[in-house]
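**Student:** Letter by letter, the chains look like this.
Number of protein chains: 6
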Amino acid sequence: MAALGKDTLSTLRGVGTATLTMQLLKRGFRNVFIQDATPLDPARCRFAAEAYTLRFIPMREDLSRPEVLGDPEYPPRKAIEDIPPGQVMVVDCRGDRRAGALGDILVTRLSKRGCAAVVADGPMRDAAAVAAVGLPVFCNGSAAPASITVHFGADIGRPIACGGVAVFPGDVLVGDTDGVVVIPRALADDVARDSAEQELLEEFLIGRVRDGHPTTGTYPPNEDTLAAYDAWRAARDGT
Amino acid sequence: MAALGKDTLSTLRGVGTATLTMQLLKRGFRNVFIQDATPLDPARCRFAAEAYTLRFIPMREDLSRPEVLGDPEYPPRKAIEDIPPGQVMVVDCRGDRRAGALGDILVTRLSKRGCAAVVADGPMRDAAAVAAVGLPVFCNGSAAPASITVHFGADIGRPIACGGVAVFPGDVLVGDTDGVVVIPRALADDVARDSAEQELLEEFLIGRVRDGHPTTGTYPPNEDTLAAYDAWRAARDGT
Amino acid sequence: MAALGKDTLSTLRGVGTATLTMQLLKRGFRNVFIQDATPLDPARCRFAAEAYTLRFIPMREDLSRPEVLGDPEYPPRKAIEDIPPGQVMVVDCRGDRRAGALGDILVTRLSKRGCAAVVADGPMRDAAAVAAVGLPVFCNGSAAPASITVHFGADIGRPIACGGVAVFPGDVLVGDTDGVVVIPRALADDVARDSAEQELLEEFLIGRVRDGHPTTGTYPPNEDTLAAYDAWRAARDGT
Amino acid sequence: MAALGKDTLSTLRGVGTATLTMQLLKRGFRNVFIQDATPLDPARCRFAAEAYTLRFIPMREDLSRPEVLGDPEYPPRKAIEDIPPGQVMVVDCRGDRRAGALGDILVTRLSKRGCAAVVADGPMRDAAAVAAVGLPVFCNGSAAPASITVHFGADIGRPIACGGVAVFPGDVLVGDTDGVVVIPRALADDVARDSAEQELLEEFLIGRVRDGHPTTGTYPPNEDTLAAYDAWRAARDGT
Amino acid sequence: MAALGKDTLSTLRGVGTATLTMQLLKRGFRNVFIQDATPLDPARCRFAAEAYTLRFIPMREDLSRPEVLGDPEYPPRKAIEDIPPGQVMVVDCRGDRRAGALGDILVTRLSKRGCAAVVADGPMRDAAAVAAVGLPVFCNGSAAPASITVHFGADIGRPIACGGVAVFPGDVLVGDTDGVVVIPRALADDVARDSAEQELLEEFLIGRVRDGHPTTGTYPPNEDTLAAYDAWRAARDGT
Amino acid sequence: MAALGKDTLSTLRGVGTATLTMQLLKRGFRNVFIQDATPLDPARCRFAAEAYTLRFIPMREDLSRPEVLGDPEYPPRKAIEDIPPGQVMVVDCRGDRRAGALGDILVTRLSKRGCAAVVADGPMRDAAAVAAVGLPVFCNGSAAPASITVHFGADIGRPIACGGVAVFPGDVLVGDTDGVVVIPRALADDVARDSAEQELLEEFLIGRVRDGHPTTGTYPPNEDTLAAYDAWRAARDGT
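First to last, the sequence lines map onto chains A, B, C, D, E and F.
Take the first sequence: its position 232, counted from the start at 1, is 232 in my numbering, and no numbers get skipped.
Take the second sequence: its position 156, counted from the start at 1, is 156 in my numbering, and no numbers get skipped.
Take the third sequence: its position 147, counted from the start at 1, is 147 in my numbering, and no numbers get skipped.
Take the fourth sequence: its position 125, counted from the start at 1, is 125 in my numbering, and no numbers get skipped.
Take the fifth sequence: its position 46, counted from the start at 1, is 46 in my numbering, and no numbers get skipped.
Take the sixth sequence: its position 80, counted from the start at 1, is 80 in my numbering, and no numbers get skipped.
These are calculated hints, taken from the structure and not from any lab test.
Treat the hints loosely; a few may be bogus.
The list makes no distinction among identical chains, and a pair is therefore deemed to hold if it is satisfied within one copy or across any two copies.
Stated by the list, open to error - Listed next, the in silico SDA-like pairs over lysine to any residue satisfying Cα-Cα at most 20 Å (straight line): (1) Lys78 <-> Arg158; (2) Lys26 <-> Leu201; (3) Lys6 <-> Glu202; (4) Lys26 <-> Arg98; (5) Lys112 <-> Pro85; (6) Lys78 <-> Thr216; (7) Lys6 <-> Ala227; (8) Lys26 <-> Glu61; (9) Lys26 <-> Gly170; (10) Lys78 <-> Ile206; (11) Lys26 <-> Leu63; (12) Lys78 <-> Pro221; (13) Lys6 <-> Ala132; (14) Lys112 <-> Asp41; (15) Lys26 <-> Asp62.
Note that the structure is a prediction, hence the values are computed from the model and not measured.
Based on the sequences and whatever the hints tell you, model everything.
**Tutor:** Quick look at the structure:
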């Protein structure tokens, strides 16, 4: 797996998911935004990190028992101690809302271990306590029952589905108040660079709209608007 | 299209949607409340305005491209500059949660142009920024992808479906923390008048319940309660 | 119906639903958490109480009319005046989001009558006003239309479905920020006792994780951790 | 419960559900057609009968056990032996597709006991064998698991929801290849009479359309078409 | 609107929808297959024709009345008499299963008028009688209630959504036992030509597989397989 | 993986899924029946075989291209040539109905290679041609688009979700007209034996019901009925 550019993740932390999805659309990608995963705490949700994947399948009564949780090789428990610092834990819950993917004890441990964020297309258990841990967490609500109530932990480190999107280990995920976008790893450097550029342009454009310009000719910008942008940018950069 | 009574909209701004749906039910209308459109900011969501409609259909890869956004005749862009001041932009997104109907630049422009509110049965892009604009906005969540990711703008000014309800241009929409009710235009004056009356009665009734009266005989009121109401109202009106 | 242990409800008010669902899972119960019922006000949602049930069926135009609301024998109105103090009103709305189960006048009356909480797998009308009453209320959102818009009140005091879970009159419901768990009445005393024990253990365990212990061996606890817990507990209890 | 007119059921057996729903719509009823209940065998599905109701609620592991099936008072088993001959068994399965409402042994017994039909908003077990019994059966597919896998039998003889429609004991249900319509009992005589009349008219009208008449003026009929109908009818009746 | 090539429709009548969707995928189109529209009679479902569109929106009690059906300008009735011979009637029902889009009288008239087929993302009324008319009809089941029970006819000749796909008047629709594909009009000639070619190749390839060739190298074909295909084709064409 | 008993599969081929789900329920398993997978051809659907698994995840535009189908290592293609004779191909399609899991060329090859059956929680392409191949195939309908339209092939030989049920490689799947049951491998021998016994008993019991016995005391059987069964069985076995 090729290394990411050294500024890619830090650049992406400053870029919104609306910008990123537009950059991906321009490259032909329409299915990159995880459905139904919203931040538990909108005030602490910005992150950009490489994906570490955990996959649940439907429970089976003889396997999905409380005893399995004590097995250090049970994938959902192994994942907690194995995820490399700085990565985001991405969990395939098949969108099932009936049981929590993780609870506050496990998320506390992830936080101690330097995990960047948690993203699941399922709920959290004791979501208020999970939110209090302080990690960015994206999920589809809260549910008290433990994961083994409806899931069995199948494996870690495999490609998964999360919120209708393919997530491969090493893909770059970025989250903000809107939710989470998945950037295929090979595109992350390029997308980071172009997104930073787009955000600067949009900062200028919304200012124009606030000043009373119509959207026609402004958004997207025509040549006059782009010339004004170049001037604004030059002034801003002190050039 | 007949003009609305001159106080109709201002009266309706002071009436709750619970009251309005009851007035419409009494006239035989059961399907008037837009499903799954909640206020982005409950503190700024009261509005009453005439409907201006925008309709999306499913995307087609050759049409739903970033380039189309620069065409001033593309209906979703034309709508932003064409909606008459004081009207509410109502968007038919077929309930699709995968892409934002509008983002903060367009909603900023709508606000500048005097638009009364935005109602969509789809999400907003960069919903936190949209909420910060200050317009009443009702939608079904947030989603970073642009509308062209899953939609194509079909037309403006046509009857639409929004949240399972028919909306005709010129219908009167009223929003509060519960959501949005659609009042067929021809009924708006009557409904406004009777709703104001109902709200006054309910103000009295909830006071009675707070004073310990049972709901039986109070809600709905029997003759004794109505007599007490008349007395209370007379006292209140200084008559 | 056998009486509950005298401390059962007060114990349960101090226990989280995550703990309770685990205790029930250990006893073989996987389907005890009401789906899609979240607290209107997370700051006022803790309760534990015996269930009083109300059941809606789909509306019929000749029965579901405003006039029926004035009949003191109409089950949804009779329920308001009949529910014994201290019980929780549990309403079977078939998950329908189109109409409110109850509104602020009825919930005000329930509060006056000493009702412990309201749980519905449907929305509330004028949900902001309902939240202001101060009772714990769990529901699936807000909807302005009155219940008779889509429901007819079938009966009270019968077993019902609520959020995909069976609720029998007299079952013990417990709510917190995650939602509501249904404890079959015959198990309530046992579950209360064991849950209090489990919560104490988890208080200890999360402290260990905050101190840097790995989850392996800690959660669930191995013998060493349990020995440390016994010591901690003895110290805490001053023994 | 007032008796039905003596020819009402036999008349209704000859009338299509499309006609009946139109007659009910003319009387203000829009929600009378059971959703998602299709005939197992379209060649043997015509029936008209009074409703006998059975209600399931979600399973609970300590109640929904194979042993309960041997209890003659368990409502789903009591229903089989209690339903009066000539009535239709209507089962509230909450639309759940995961388990069969009834299987071939129970439907065989219902057939022996003179039951008119079975209607459920859930699947049948061993649906091929159920179809072979020969009773009209309407359901939403086939599923091998027994009802106790996801249900508990709550009661019989109560108002229920079935496929989104209210069904009261004694209502008249009529089935054909399209599905099942529920006629409120008090309307059955009137609806039967007017439906027979409507069917005769439509037999004439479709003939006109087959002869090349445009639908304008024909369907619905204008005065000329009605005059032609009167003539056709008079000729047909030999008057 | 440019004319179609003279053999385009006849070629398309001989091509399967699986082939057509692959040709469209190769051109970048992933969303062209109407969801949940299956043939009423698989033995009579092949068609290729230009689209004529009809759009329903949700019913409104004062508009969706039986009386409206007698108005020759009511779009769903006007459509029946206005659709040009040889075109396919495509109906936007928003996927609603509660009411029939059309019934046997209207479909009989469409057949008389030379309509090529009917495609709706809603059910048919008296579906058995509709099937007996003999036109290719694709829909999502049967439902007895008339369209006005849940719909109002909004307009004809506008772009619509049908089964999650955009349909513009003049697009070419092709149906077979799998369902219906929508070919953007401008692509129809090209797609027709290349699809006929692909079908011939696949006829050869499935013969190879039946003869025991592995799929590797065969499907898709490698150079050897293509050489064998060229030989087979030359032999077949007598060249 | 322990070998199955030598008669287990042949016994299971003669047992219905209704019986098997009851045997599994008696052992505590409630979630073993694949949802929404029905036989393409009810006349050719009986099978019992060990599971070979294939897993799809959501498509990604740069990976899910026609070119990938020519890669012999692409899991969905590798699976076709790798599945051991006698096993059933089980495909995790996440229930997505928009694209076919397999088409007639691949199913023809599977049939040539001795595959026992195909089970998918997605549709088939050119389902009529797939049905004509003659293999038992269970799926949720037909859809013309190729799998790469909405899927990417993630892996083979891993535990999967199929129709809401966990399927491990080597589990025993049994299909009949109702659908498909998943028997955890370790239970297959026991379940086979007890199911054969149960089927014999039910053959006797349905005969009793046909003879007019009430279900009470018969189904489930009381001691008298069991004695009669023993006699019947002895007579039948010539003992």
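**Student:** Hint numbers the structure violates, sorted upward?
**Tutor:** 3, 7, 9, 13
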